[in-house]
Amino acid sequence: MTDSRALSDIGWDELQALDIADRAAFFNHSDGEHHVLMAQQFSRERMDAIGHLATCIRQIAKEEEGARFLQHLLWTKRTMLYFTQPSSRTFLSFSSACRIVGMDRGEVRDIAISSEVKGETREDSVRTFSSYYDMIIMRTEIGGFAERMAWLLAHAGRPVPIINAGSGSDQHPTQALLDIYTLQRSFEKRGGIDGKSTVFVGDLMRGRTVRSLAQLLSAYDDVRMIFVAPDKLQIREDILAMLRSANVPYELTDDFESTIAQADAIYMTRVQDEWDNTPGETGSIDISRFSFREEHLRVLSPDAVLMHPFPRRHEIEPQVDHDPRAVYWRQMRNGMWVRAALIAGLFGREQAILDYHDANV
Amino acid sequence: MTDSRALSDIGWDELQALDIADRAAFFNHSDGEHHVLMAQQFSRERMDAIGHLATCIRQIAKEEEGARFLQHLLWTKRTMLYFTQPSSRTFLSFSSACRIVGMDRGEVRDIAISSEVKGETREDSVRTFSSYYDMIIMRTEIGGFAERMAWLLAHAGRPVPIINAGSGSDQHPTQALLDIYTLQRSFEKRGGIDGKSTVFVGDLMRGRTVRSLAQLLSAYDDVRMIFVAPDKLQIREDILAMLRSANVPYELTDDFESTIAQADAIYMTRVQDEWDNTPGETGSIDISRFSFREEHLRVLSPDAVLMHPFPRRHEIEPQVDHDPRAVYWRQMRNGMWVRAALIAGLFGREQAILDYHDANV
Amino acid sequence: MTDSRALSDIGWDELQALDIADRAAFFNHSDGEHHVLMAQQFSRERMDAIGHLATCIRQIAKEEEGARFLQHLLWTKRTMLYFTQPSSRTFLSFSSACRIVGMDRGEVRDIAISSEVKGETREDSVRTFSSYYDMIIMRTEIGGFAERMAWLLAHAGRPVPIINAGSGSDQHPTQALLDIYTLQRSFEKRGGIDGKSTVFVGDLMRGRTVRSLAQLLSAYDDVRMIFVAPDKLQIREDILAMLRSANVPYELTDDFESTIAQADAIYMTRVQDEWDNTPGETGSIDISRFSFREEHLRVLSPDAVLMHPFPRRHEIEPQVDHDPRAVYWRQMRNGMWVRAALIAGLFGREQAILDYHDANV
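Protein chains in written order, with my numbering: chain A, 1011 to 1371; chain B, 1011 to 1371; chain C, 1011 to 1371.
Everything labelled a hint here was simulated from the structure, so no lab data went into it. Each hint should be verified, as a subset may be incorrect.
Which copy? The list can't say, so a pair holds if one copy fits it or any two copies do.
Here are the computed lysine-lysine pairs in the DSS-like style, where the Cα-Cα straight-line distance is at most 30 Å [stated by the list, open to error]: (1) Lys1242 with Lys1128; (2) Lys1199 with Lys1072; (3) Lys1199 with Lys1128; (4) Lys1087 with Lys1072; (5) Lys1242 with Lys1072; (6) Lys1242 with Lys1199; (7) Lys1242 with Lys1087; (8) Lys1128 with Lys1072; (9) Lys1199 with Lys1087.
Taking the hints into account, I'd like the entire structure generated from these sequences.
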């Protein structure tokens, strides 16, 4: 962090003019995160620490006494879940994660029953949440909104932590962290993530989870990425530029089947047609060529893993679910543990968890 | 239980080919229920045990210290309330029951803000819930869906308990159990449910509570049932066949007033026109002849009780509410206690509650 | 209280025929409130006591141990939040207040997923809530509904406390109490509320918070009120009659700028066009003349405070937020503490809090 100023000391325009890595530094402090807004906040060391903390929480929670210890950690804290985009998985994952560490949760999901129908600005709404809650978890269709609010609350003197649970088609950092954790666990006995090849498949243009995950993976050594998509949905140039500057080799193709055998991890995604500029815009694309079928299991390496951020449509046949390399259900549950770890970290409870783990597990 | 296999060992088609009583056995274990899916799971002995447990919880909760004891029982557990059918009463009853024994609750009620709008199958949605929650309480318009999901989760290796809070026009087992508990309490000093006559009134064809309750009542000795409905809404033949095979005498009539004096219990129901095949289909039926009016109190036996699963429209005049034989408000509250008892049982806390009751009440 | 009868002993018509101050007395008991329904329930002494209690809670909650003490107070109690009018601020404020003192919360906000779609009366709905919950907080578009339900539950033998969180265009007593608390804190070093001038601005005809606050303020000595509104939205005659009978001097004007320099407190409000008889009815009114702009800060007394119940539209420019006299964000947070104080009082926990405060803060 070259800039030693606090977030409350920098103007909005000046902040936005910075390179994203420099901006990211404004949301961390010396030991970890103050907010969780963008993948760029996370160093490899920090990802390792978060993964370890998630594992500790997972193991502690197995015993009744441990589960009670965890629930006492943030028992007197309340969080707002402000989700103006449809979501159940991310919402429920966060909600459960909060409860695991004891936090109370309020929610605003339907603006039809909120003050926004009376003409309130979204900025006023969020500042209101900061009056009643100790943290705000937000998911929004507006790119950069979580960052904007973190800056605004810092300047308003009530800088409660903000977690970005998906903003615009841009960032979804906690999804990327749970994906990293799933890869860490999957490759635990194979030397970790270093040296592994990941194949991304589907709507790479608008899949914010892919964008955030590619960013995080680039922090590992000797990784390789293959982006498989129809032309119209191929990954955007900004991500490729980031990979080049990090010296990460990558390939682009629209031939999924040719990539299966090379993969250590295959990351399937659905077409995000809720982002279509005109309804049905992507409906004409033949997505069947970008689907994982039961027959593909024969080609897939015995050591590889198959992931999906869910929800899925037809990208993975249900018959595949029974194969041990299909880790997407475990991936989902990992999200709960990683989010619990992040939240505990935001409130300075990391060491207390590590100590309990050392003493009891 | 003639079949000693577990639910995870039987195929779906084979399971569905079984007689319902044999199917029901797959959802119990030696001491009680693993899931709560259908009235056929409950023997008379088990109904008595659940009623006793509900009474213990009710009495324990009266004292502050007892209420705290109960809340600690399932303090580290979380349940999903997945209600895709409109409901407030059943939802709130379950929600309160969960809290009484300490359970945290997540909910999905409006699929417009869930992943189903993105094309996710309902099976994937429920399997997602099983990743984050320790139990799933579900109410759905799809008959048999809760059973299907219990089977699927058993085969997926994550067999969290499922409670059927109403499915299709078929089953509503927890409503039937609370009705039984209300009858147990009402006839406590009159020798219990054995030998009593119950008059069912209203939309018997589509009232799943009536169907489930008739099933449970047939386990008692010397009971008699009278089904009072307009022809188009009369009870279905499958229930009558069940009663014949259990040697339960019954009558069918459309003359409500003639049955009042004979009743030990009258069970009123509303016309469930949300199930109409075409809107307004049942609107032409004169339901006023199937309503309990203040003047009927003079004919009703002094020992009898008047029940209704609610919501009501005009089936019972509000002036009747003040009569001590109108037990429907108590019936409602009984539901909360019975559900708390069932949930505690699903997690093996039955004995802990009985012990506390013995020692403290 | 001249009438020594209980609420359960008086008929509805007889109650409604009473003067409002006499009606109000039926909802109090000797030490405080049994329900919180109308501003007329609160004497000056009681407002002072509630403000003191709110401050104690606010200070206790600052320490982790204190926050845990508070959460244990009503740990075994459950409340229903029944909000059939759009609201997020009041809802979240109450929800957080409940959690501060440990109460569990159920909610019904969207009648489309409730039993009312099946034809249930609202009276039956509320009586249902009283079966499952220990308190009901309600916000409704129907004037007098909260009072009606308090009376009905008293007669039904299940008199759980009811809090009116806004009913019709009539009353919003908890908002008025939080406004009083904000004024108490703002004028703490200037001799309190006595002798101060309050300027009310905006939609005074339909702003129920203004109506309730004017009522409460009239209990203080030597206060003065100025009502600034366009003719069509000026305060209603019933409030003016109340002020005359309390010997409170007041003025009416439509010239906002002329009033700024005289104010100890300015209370801005938005046009409540959701109450328009025809859509757009009030759209033609030029509201810009009733807005507080940055330039007005120069005219405002250095000791004065600027308030707003929120949500705001354009009545206060965001640039004003940074001025220390803009207390509306603190006002919002005060609401949470005042509501926690009221709730604790309804359950007889007032003395326990005062004792803890004396011993620990």
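Hints, one by one, checked against the model:
1. Lys1242 with Lys1128: This pair counts as between: shortest inter-copy Cα distance 20 Å, intra-copy 40 Å.
2. Lys1199 with Lys1072: within (23 Å within a copy, 46 Å between copies)
3. Lys1199 with Lys1128: neither (56 Å within a copy, 36 Å between copies)
4. Lys1087 with Lys1072: Both. Shortest intra-copy (23 Å) and inter-copy (11 Å) distances satisfy the 30 Å Cα cut-off.
5. Lys1242 with Lys1072: neither (46 Å within a copy, 54 Å between copies)
6. Lys1242 with Lys1199: neither (38 Å within a copy, 67 Å between copies)
7. Lys1242 with Lys1087: neither (45 Å within a copy, 45 Å between copies)
8. Lys1128 with Lys1072: For Lys1128 and Lys1072, the Cα distance exceeds 30 Å both inside one copy (46 Å) and across copies (33 Å).
9. Lys1199 with Lys1087: neither (38 Å within a copy, 32 Å between copies)
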